[in-house]
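Protein chains: 2
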Amino acid sequence: MSGMKTSAAAASPASTETWALFLTAHSVLVGAMEKRLKDAGLPPLAWYDVLWILERAPDQRLRMSALADQLVLTRFNVTRLVDRLVEAGLVARRQTKEDGRGFYAVPTEKGRALRKQMWTVYRPAIVELFNQHLSSAQHADMQSVMRRLLERDVD
Amino acid sequence: MSGMKTSAAAASPASTETWALFLTAHSVLVGAMEKRLKDAGLPPLAWYDVLWILERAPDQRLRMSALADQLVLTRFNVTRLVDRLVEAGLVARRQTKEDGRGFYAVPTEKGRALRKQMWTVYRPAIVELFNQHLSSAQHADMQSVMRRLLERDVD
DNA sequence: CATATGTGGTTGCAAATGCAACTACAATAT
DNA sequence: ATATTGTAGTTGCATTTGCAACCACATATG
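Keeping their order, the protein sequence lines are chains U and H. The numbers in our numbering rise by one with no breaks, and the one at position 143 of the first sequence is 143. The numbers in our numbering rise by one with no breaks, and the one at position 147 of the second sequence is 1147.
The set of hints was computed from the structure by calculation and includes no laboratory data. Wrong hints could be hidden among the right ones.
Said to hold, decoys possible - Quick partial rundown of chain H residues pointing at chain U, CB under 7 Å, derived from the structure: (1) THR1018; (2) TRP1019; (3) HIS1026; (4) VAL1028; (5) VAL1072; (6) PHE1130; (7) HIS1133; (8) LEU1134; (9) GLN1138; (10) HIS1139; (11) MET1142; (12) VAL1145; (13) MET1146; (14) ARG1148; (15) LEU1149; (16) LEU1150.
What you are looking at is a predicted structure, and each value in this text was computed from that prediction instead of being measured. Don't be surprised by glycine CBs; every beta carbon is placed ideally from N, CA and C.
Can you build the whole structure from these sequences, using the hints too?
See below:
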C-alpha cells in the first residue's frame, strides 16, 4: 500500500499497512476454510451463512431482502443463492400473507442437518486458523473495533 | 455463529463471534470502497492491487505466478485479470529470457498514472472507513495479529 | 375508484470465477 | 540425442456474479 508521498496531516496511523494485512488475511483464511469444506465434499461458506442466518431468525424464516441485508449481498444474488438451496432441498420459499409480493425463505429439515454437518468442519477451522491465534483480550478488542467499523459503515 | 454445544476444552475464546464480525466487516468495507471507486468512474480494487504490486516489485515486473501468489489468486484468474489490464493498456506482458515459458507483467506509464489516480479515491476511503476508527495501539496490535494468522496460513 | 409512484423480488444478458484439460518449454534420466 | 516427468501459463466450459430492465403487488394521490 501507500505510494503517495506521505504528506501533511496524518490520520490516526497514516499507514495503510493494517488495511492491507486485513485484506490479505481475509483472502487467505477464507480460501483455506472453503478448501476444507470442499475437501469434505460440502457446499461453500455462502450456503452455511444462509442456513445459519435462517435458523437463528425469529420463526426460522426471513424475507428475501432481510436475508440479503444480513448476508451483505445484493437482492438478486440472494434470489439465485436461494434458488440453488431450494433446488438442493435445503430451503423452502413460502409466500407471505401480509404482502403478496414477498417471500420467506425457510430452512428444511435437510437444510438444518446439512448446516450442522458443515459446522463440524467449519468450527474447527475457525478455531485452528483464527481463534487460536488471538488472546482473550485480542478477541475482545477486535470485536469492539469491528463493531465500531460497522457502525459508521455503509455510505 | 455457534450452534453446537460448546463442549469440552475451549480454544482461546471459544466463540466464533470475532470471526463472524471479521467477515461482515470485510464485506461491508470492501463493498463501500468498491462503490467509491465505481462512483468515481474508476476500475475495481483488483486492478489497483495488480498495478501496485507490480510497481513495488523489483524492476517493476513480476512473473505471472509470483503475481498470483501476492494477489492470493489462482494462476488462471491472474491470466485473465492481466488480460483485461493489457487490453486496457495498463500493463504489458513480456516474455522472459531465462525461461521460454514465463512472462513478466509490467505496468505501462498509463497504468502507473491510473494507479495514482485510484489512490486519490482509495486512500481517503481507507482512512475514513478504517484507519480512523483504530487507535495507534489497535493498529499495531491488529497488524501483529494478522501477521501471526498469516504465518500458520495456508494448508 | 383510476392513475401514478414506490417496493419486493426475479430474469436476461454480460462479465468474472473455478476447474480440468491442454500447450509449450524445462529438467532429468536413459 | 530420446523419452519421461515437471512446471509456466493459457483456454474451453460450466457456474456465479453484477446490473439494468422488468413483473407483480402495494401505497399514495386526485
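For this session: Quick one: which hint numbers does this structure break? Sort them smallest to largest.
Result: none
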